[in-house]
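Protein chains in written order, with the working numbering: chain A, 988 to 1148; chain B, 988 to 1148.
Careful: at least some of the hints might be erroneous.
Any copy, or any two copies together, can satisfy a pair, since identical chains are not distinguished.
Said to hold, decoys possible - In the DSSO-like style, the derived pairs of lysine-lysine whose C-alpha atoms are separated by at most 27 Å in a straight line are:
{"no.": "1", "residue 1": "K1081", "residue 2": "K989"}
{"no.": "2", "residue 1": "K1021", "residue 2": "K1084"}
{"no.": "3", "residue 1": "K1084", "residue 2": "K989"}
{"no.": "4", "residue 1": "K989", "residue 2": "K1105"}
{"no.": "5", "residue 1": "K1105", "residue 2": "K1084"}
{"no.": "6", "residue 1": "K1021", "residue 2": "K1103"}
{"no.": "7", "residue 1": "K989", "residue 2": "K1103"}
Derived by calculation from the structure, the hints in this document are not laboratory data.
There are 2 protein chains.
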Amino acid sequence: MKTIEVDEDLYRYIASNTRHIGESASDILRRLLKLQPAASAVAEPTPVAGKGIAQMLGGNELAADESAIDRFMHILAVLYRENPTSFAQACDIKGRKRIYFADSEAALLAAGNTTKPKAIDGSPYWVITNTNTGRKRNIVAQLMAAMGYPHGLIERVCQSI
Amino acid sequence: MKTIEVDEDLYRYIASNTRHIGESASDILRRLLKLQPAASAVAEPTPVAGKGIAQMLGGNELAADESAIDRFMHILAVLYRENPTSFAQACDIKGRKRIYFADSEAALLAAGNTTKPKAIDGSPYWVITNTNTGRKRNIVAQLMAAMGYPHGLIERVCQSI
DNA sequence: GAGACGATCGCCGGGATTGTTA
DNA sequence: ACTAACAATCCCGGCGATCGTC
């Protein structure tokens, strides 16, 4: 991985061409420049834990998300994609009254008022959304901890929300 | 200046496309992606009348358009003509409920009430028209940013609406 | 769906702030 | 009582589209 500097507007241009969750700056540039996709992209059946999330942090993909909610949803989508099974086991996190994750909007609505549930892209899950940013960080931290991510990475991800 | 991370091979590819000493990554990428140059440095006179956005601003082309809508439509037509591909990638801009661009009138009508779609001259695209001038400026700014135009030019174009 | 334009104002989403409970 | 953790109200900024104006 090399680091290069680009102007603001170029950066936005690249970010605006994100096609799907988990796409890195390299992926986007390769597509825009009509180059061959990275060789390893398809071949790897079991991604190394932490790879997807770390890549997300390194690249510019979160830049396209304007709000904390967008970044929150984006991170959750990547976490799910990276390890659906682990996510499923880890996501029964709850607050005092509310539950945070469920496989239906109704379940979340039933456990609190005005929770503003949103569907997690590419997964069967929904999350609560009506929280301050601190709690969003909290939820992500708890989830990632339960999924077995290392401390440092968790911290960096939370920082990025 | 923003920093992004790219794979080794991409880095080498970009470096190998350097045209002259001191050329920045942004300059090279702009050229490879066929985006607008950052500086006003249009060293060579661009002869064809009505060729680009800068030309349009320079001349009195827009003066003939009485209303903000006319100027709005005019600008969009020029932007499309200047780079149809980039326009196509950039134009999936939307509001909270409405979509702003589409390749058919019906698509815009379906996504909002009384949006007053109009066809963009010389292109297959339609835009929403029932917005205040601030929003028209907004739409143009978002579009141009996503097409990779530099800030200064975007501002001047919006000013002219 | 046919008058055209677009400012104004109502509504909605984001999330900090404030109220509540353990 | 005091605090920490949590819930959800409510303010602000942004968006939609009605309706006043020409």
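Results of checking the hints against the structure:
Proximity of K1081 and K989 under a CA criterion of 27 Å is satisfied intra-copy only: 25 Å inside one chain copy versus 34 Å between copies. Taking identical chains as interchangeable, the C-alpha atoms of K1021 and K1084 are never at most 27 Å apart, the minima being 32 Å within one chain and 33 Å between chains. In the homo-oligomer, the alpha carbons of K1084 and K989 never lie at most 27 Å apart, since the shortest distance is 31 Å inside one protomer and 40 Å across protomers. For the homomeric pair K989 and K1105, neither the shortest alpha-carbon distance inside one copy (36 Å) nor that between copies (31 Å) is at most 27 Å.
Taking the closest pair of Cα atoms, K1105 and K1084 come within 27 Å of each other both inside a single copy (18 Å) and across two copies (16 Å). Proximity of K1021 to K1103 under the C-alpha cut-off of 27 Å is found in neither arrangement, the shortest distances being 33 Å within a copy and 37 Å between copies. Taking the shortest Cα distances, K989 and K1103 never come within 27 Å of each other, neither inside one copy (39 Å) nor across copies (34 Å).
Violated hints, listed in ascending order, are 2, 3, 4, 6, 7; each of the other numbered hints is respected by the structure.
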